[in-house]
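A.B. asks: If you read the protein sequences in the order shown, they are chains A, B and C. Residues in the first sequence are numbered consecutively from 1, following this note's numbering. Residues in the second sequence are numbered consecutively from 1001, following this note's numbering. Residues in the third sequence are numbered consecutively from 2001, following this note's numbering.
Everything labelled a hint here was simulated from the structure, so no lab data went into it. Treat the hints loosely; a few may be bogus.
Label-pair distances were calculated between CB atoms; the ranges are [claimed, not checked]:
hint: 1; chain 1: B; residue 1: Ala1212; chain 2: A; residue 2: Tyr173; range: 53 to 59 Å
hint: 2; chain 1: C; residue 1: Ser2148; chain 2: B; residue 2: Ile1245; range: 51 to 57 Å
hint: 3; chain 1: B; residue 1: Lys1316; chain 2: C; residue 2: Gly2207; range: 44 to 50 Å
Small disclaimer: the values here were computed from a predicted structure and weren't measured. Heads up, the beta-carbon is just placed ideally off N, CA and C, and yes, glycines get one too.
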Amino acid sequence: MSIKLGFKTSSIAITALLLSIGMTAKAGVVYDYIKNNNELMIATDANWAPFSYINDAGEMEGFDVDVGREIAKRMGVEARFITPAWDVITSGNWNMRWDVSVGSMTPTESRSEVLNFPAVYYYTPAAFAVHTDSTVTNLAGLNGKNICTTAASTWEMYLQGNLDMLNAPAFTYKVTPGTITSLVDGSACLDDTRLGAGVRNDGIIDSVPMIQNAIEAGYPIKFLGDNAFYEPLSVATDKGNNDAELDAEIARIIAEMQSDYTLSLLSMKWFKNADGSSNDYTIAY
Amino acid sequence: MFVDTVVEDKALHKPAFLIGLSVTVLAIFFAFNFTNTIFGEFLSPVIGNPEESGLFGRFVVSFVLSVIFVLNLLAISFARLKIQILIVWFELFLLFLAFAYSFDLKLSFIQSRIGLMISKGLFTTIYISAVSIVIATAIAIVGAIAKLSNNGFAYAIASFYTSLFRGLPLLLQVYLIYKGLPQLGFMVDAIPSGIAALSLCYGAYMTEIFRAGIQSIPKGQWEASRALGFKSGLILRKIILPQSIPIIVPPTGNQFIAMLKDSSLVSVLGIWELMYLAKTLGQRDFRHMEMLLTAAMIYWGLTIILEMIQARIERKYQQKT
Amino acid sequence: MPNEITNGNSVISLKGVNKWYGDFQALKDINLEIKAKEKIVICGPSGSGKSTLIRCLNRLEAHQEGQIHVTGIELHETMKDIDIVRQDIGMVFQGFNLFPHLTVLENCMAGPNWVRGIDEKEAKERAMSMLEQVKIPEQADKYPEQLSGGQQQRVAIARSLCMQPKVMLFDEPTSALDPEMVSEVLETMVELAKSGMTMICVTHEMGFAKQVADRIIFMDEGEIVEENTPEEFFNNPQNNRTKTFLDQILT
Ligand SMILES: Nc1ncnc2c1ncn2[C@@H]1O[C@H](COP(=O)(O)OP(=O)(O)OP(=O)(O)O)[C@@H](O)[C@H]1O
Ligand SMILES: [Mg+2]
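Generate coordinates for the entire structure from the input sequences, incorporating the hints supplied.
C.D. replies: Right, here's the structure in full:
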């Protein structure tokens, strides 16, 4: 790591020496690039129904995808999606491989070291769930147990007791797990839970729409207790490029989509309950 | 192995072995308890309701199963070698299918997605592997020659390269190349990054294979060539490499087959290759097993094809020398 | 033929040659002059340095001290034209060293075609005529492993001759052969000797030595112990070590 940093600093020094253009000149660089290419490259997950997934035709689909398309449309450019692994996105340093992340990312202190969060576009509740046969009846019952979640996610941070969300509603740590099983794949924990209570894990924490979806697909799981916390979900851009112009444009577009109810309609299109009613997650809790 | 002309009695045809085998098989079937499976249902005329048949039912089921198992073995043992191989393959394949069937798969789901898996996933997998294999082979030839040369720079670079790229997990190399190259000013997209990682990693392994292949050629070949006044490059090209190919082909074929599957590691870069689609396509409908098993069959089929090609090439070179 | 060979100068000349393998001295102060058309037989007990000496003559081995001149060119570590020198010196090995992936004909054509710049047609004609000379033209399209040891060694001789060398080196060409095949190879060598080739042969075939050798060199422990005409060498050996050696191999 030190070698890499050393090289980076020295190459920056050289750049600064050779070109009188300072770092500030980078502002607008990504936005200009988007405009010039007439294309907004959007990073999102392909394993995250109903937010983003690959449909039968091999195309990206879902709430995040619709939001991404709408942002591109309002910028007046085409949308293109790219689906790197979640940790590749959250670790920053995109090197302009893609321009924005519209992938339900929660702004946190640690992520904000490498990423900018120009606009929160919805909020989801996170909740615990257990196998239907589980004897655990309340959240306290999960203390000391083996809880499964997605690696590098806010839920994992919550389980670890170091969830450093920015601009988030207040919350408390309601469960102190004995073991945290962190899996890379979004839905792997659900599959493990399906095997039975206490087989691979004693419970999971995930976003409510996700759990909802699994229950509808016939998974033998149930919600446990109240929602653990609400997380704001934001568009992210690369801090390395620090393109204030791009960030401002995204903030403007999201605000516009909120005020003309586009976001609410998209939310209600994608987040349906079993009884057919819809959820508008775009207004805070 | 080289077959002797005197044949020993088949173990299966020795009574002691047969009895020992039967008892062991019976014990295993008994231990695993197949009473509540389709076999129990099938035998319900004898044992009554499988659920209530108790130890008696369990014994009858395992007894019948072990008799079938041993009779099957005996029957196969009388067949000719080729037929034996065919039957055993077929039966093992049936068992595999039964395993897949036990997941309660939804075939219509597979049908609706398999087109995409092949047209997009398989195509990308083959494309990435094929390009990587070509580059890795080129790297390996250069690397092997460098490792065998007495040029200090060439040797040092080549041995550093093989040491580093054989010493790191492929997944780590994928990340390092994807995230690291842009730091050095080389912007590479996901697919070229993946291909670079695969080529460099397999190039390192294959360098060692090629080096060993070249070194296995007796030094008399070098001496005879030198005595005729051939220069090193000519000796390598016309005398040494052609002779090492038959030695290099089998392990290289194994590398190709391994690479085909390791190409799935580049899915972390968001490349929609076979494994990536297998993991994602089933997600919305929570039908992961369908997609994973489909991918398994595709990978397997592909490997069988590659094995056949490899056997062909090996046969061709065996005839030549 | 260039002048240095015909005007009576040495084709091969060694002056004060010393060679070591690590600490072990394999050649000690070797001085030797060989003229065009001379036939030299080198003999001596195992490990006496015969192979080492003959392999120094086309620099398959490097010497550390003294000078070796071959066809007027000095052999040394940084020389540029070793390939040219080697093209003029044929070598036949104990283990044949044919190229197993090439047919007999291709083995013989390789040298002229690849390094002598002779086109394929002419190389083939030359190869066939050499194979006739060693009496196996009918084997031309076979691969080496399909041939007997004696046939393989004759192909090896033909392969060298196709380069039209000025000197031929033989390192125990018959000692890997079954007894009944030795004579066919020796016959080939005798005929080659008759044709006027300069030959240096490491061999223990004393009949051959008597028949063709101009000089016999006896080596022991890296030294040339005795150097003489065949009659003198066999009938009147000067050195005790020579006598012991002759007693051993002639009985
Ligand atoms: N590459 C080598 N490294 C070290 N020592 C060597 C090497 N080649 C030969 N020698 C040693 O040099 C000595 C001379 O070897 P050389 O092969 O010249 O003997 P030779 O007279 O040809 O014997 P032979 O009749 O057995 O072929 C032997 O003692 C041998 O062990
Ligand atoms: Mg020898």
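A.B. asks: Is the hinted range of 44 to 50 Å satisfied by the C-beta distance from Lys1316/B to Gly2207/C?
C.D. replies: Check passed, 47 Å falls within 44 to 50 Å.
A.B. asks: Lying within 53 to 59 Å: is that true of the beta-carbon distance Ala1212/B to Tyr173/A?
C.D. replies: 57 Å, holds
A.B. asks: When you take the CB atoms of Ser2148/C and Ile1245/B, is the distance between them in 51 to 57 Å?
C.D. replies: 27 Å, violated
The structure shown violates just one earlier hint, number 2.
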